[in-house]
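Q: Residues per chain are reported as follows:
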Amino acid sequence: MGIYLDNQATTPMSDEVKAVYLEALGTIGNPSAVHQAGQRARAQVEDARARVATALGCDTVEVIFTSGGTEAINQALKGAVWAKKRSEGRDAITRVVTTGAEHNATLDALGWLAEQEGTDIVYAALTSEAVIDLVHLESILESQEVTMVSSLLANNEVGSIQPVEALCALAREHKTPVHIDAVAACGYLPIDFSALGASAMSVSAHKVGGPVGVGALLLSRTAPEIQALHHGGEQQRGRSGTIDMAGAVAFAAALEIQERNRLTQVDHLRQMRDYLLEGLTTACPQVIVRGSLDERLPGNAHLTVPGCEGDVLLYLFDQHEIHVSTGSACQAGVPEASHVLIAMGVGASEARGALRFSMGYSVTKSDLDAVIRAFPSVVEKASSAGLAAG
Amino acid sequence: MKVLAAMSGGVDSAVAAARAVEAGHDVVGVHLALSRMPGTLRTGSRGCCTIEDSMDARRVADMLGIPFYVWDFSERFAQDVVQDFIDEYREGRTPNPCMRCNQHIKFDAVLERGIALGFDAIATGHYASVVEGPQGKELHRAATWAKDQSYVLGVLTTQQLEYCYFPLATTPSKADVRKEATDRGFVVATKPDSHDICFIPDGDTRGWLAERVGAEAGEVLSMDGEVVGSHKGAAAFTVGQRKGLHLGFPADDGQPRYVLEVRPKTNEVVVGPKEALAVSALVGATMSFAGANPADSGYADDLSDDDGFACESFSVHVQVRAHADPVAATARVVGGEMVITLDAPLLGVAPGQSAVIYVGTRVVGQCTIDRTESALASSSPRA
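So the protein sequences, as listed, match chains P and Y.
For what it's worth, this note's numbering labels the leading residue of the first sequence as 1, then goes sequentially.
For what it's worth, this note's numbering labels the leading residue of the second sequence as 1, then goes sequentially.
What the hints contain is simulated information worked out from the structure, not anything from laboratory work.
Just so you know, not all the hints are guaranteed correct.
[As the list claims (entries may be wrong)] Calculated cross-link-like contacts (lysine to aspartate or glutamate; reagent style EDC-like; alpha-carbon spacing at most 16 angstroms):
no., chain 1, residue 1, chain 2, residue 2
1, P, 381, P, 318
2, P, 381, Y, 112
3, P, 381, Y, 120
4, P, 18, P, 256
5, P, 175, P, 142
6, Y, 265, Y, 91
Values in this document were obtained by computation on a predicted structure and should not be read as measured data.
Based on the sequences and whatever the hints tell you, model everything.
A: Written as structure tokens, this is what we have:
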């Protein structure tokens, strides 16, 4: 498989999770069916729900399984806006505060709300490290009525960890519900949903070694009501659709393994990250490390290479069987210019040369040595290929 | 050799890539994202850079077992092809955007990146041949006249030719390519050919131009300068155009009238009879030679540089459109311009078009026509 350093895109499933997943797939019965086969399937779902709740520090009833992080985020944001309109009327003013460095699931859902529902989207300022400016956030909360604040727990591109405890405390003072997008952070940072005091949080299974197509919305029992995205039986609290039992079971297993790894190996991962960043910046001193240096996801290394196109860098690493990412979303195979870097104030031309290395707990020093060894020739070739717009 | 296969998602480039793989080359597939706002689905035969096309190309690459990437050249395309198209029409000229794309994108920006990344050749699905001649690589027409695309490759330079690989060169017919694609199990085997301007997906070139060039009502003049009608914007007209003049009354001789000249500066369109469209010479300063230049090839006897680049005249055939018949002519370079004197007059040639010159089946070079000389004895040169 080569050297896989794109764990923030998706994380390989361990044999242990695969075995659990396969076994669960063998269980017959719709978890919502009344008969005993259904009850056995349901029991596995509820067991998985309890384990996810334990891992993330919330009550079982607060875990709603979804089809992934995107659904969870859409549900949290649209659900909050729609609930307000339902209780206060279609013309009620709805306003969501977020930042320009959120994942597309958030930005696009909010773009849709602005267009279709007239929701006012307010962007809190960011530092040059893609960290939310709480002073600015406070001024927004003081001056306007806000339906919801939505923030990443850690940025999925540049890895910067957000001050979510302070953010939630601030929002609480203004009685404003908070949604936290923890998709990139889950499994790498400690998460205690209850202690944090957010209203909602989104997580995804395949970012922690579980299957694609499963995720969860954590919805606080004290959170304001939200409206469902789709309707048809409400098999879970506020969520319709047959529950993916095997997916939930595999998610729970993967999350537990990931948590175990986190508790025992997070220091190793941090050391590997720092080793990689040190190696890359020494090999090519012109590169610029992006994101926070101190408060950063343990497995994330992100940099820009001046005068190079990210997709060319990616291609050249690919020829070495080293699989990395530009970090930004793709449209039909074309990496978009990173809106995160742009939101951080990086120039459009510089933002094009982005590279993200996202490591899993199994990363080894020899993997990273291969990356560091290849880097100078990759940069040299990419530099000679130049910028497409050049 | 290490081959970069440009894959549009169409059947030709799919079969070209397959043949490159089969020939034992180390092939990497690349789809060019040229539109900033790609449509999701292809509609009929229009357009060539929708997301569906990109997925078709990827599927073929998967079946061939070759790596596949999408390269974003949308900025370059917007600047060098789309904006050029608009600017040319604004100047009253009639550009060929496919040639601009070959000139600036496929065989320039893409090739340049390919070379920098270590590729030895770029393979495309063009129907044309690269032949090893006595003075190096030569560009020739495809084996099948009907599918020949050497005209749109006329802009290739000697250096670019060194890297060109056209695996469909000797294919007898498009039907053979489709059959081969079917036999290989490619989903694109029955995909319609694209034959419109890819960045004008609804095919309404005039409407598209009017939005961008701007359209202001102006006068339609006869050759004598008499006002014979009005139009809604000169830039949307092309020399040789007959339809859409809306003059309301017939010419004195009752014959149909054609656009003879577009004058964007004064927003005037000049019309006249068909015979006034006849031109006897084509002149252009922007030229290139594909392969060895005419003097080195033995077509012209002398090449002197005392007046810029100049050469003795030599016999050629000239083609002014992708599907036009070539006509006999004499070409020479004088005072930094290529002057192509036609043996017999040619109708409706517009400034902005490319005149590609051939000797036999070989493409020698081309120029972008800046002006033509009318075949009517009394007329002066038109620009």
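Q: Are the hints correct? Go through all of them and say.
A: Status of the hints after comparison with the structure:
1. P:381 to P:318: 13 angstroms, holds
2. P:381 to Y:112: 12 angstroms, holds
3. P:381 to Y:120: Distance of about 15 angstroms is within 16 angstroms: holds.
4. P:18 to P:256: Within the cut-off at roughly 14 angstroms; holds.
5. P:175 to P:142: The hint holds at about 11 angstroms.
6. Y:265 to Y:91: Holds, at roughly 8 angstroms.
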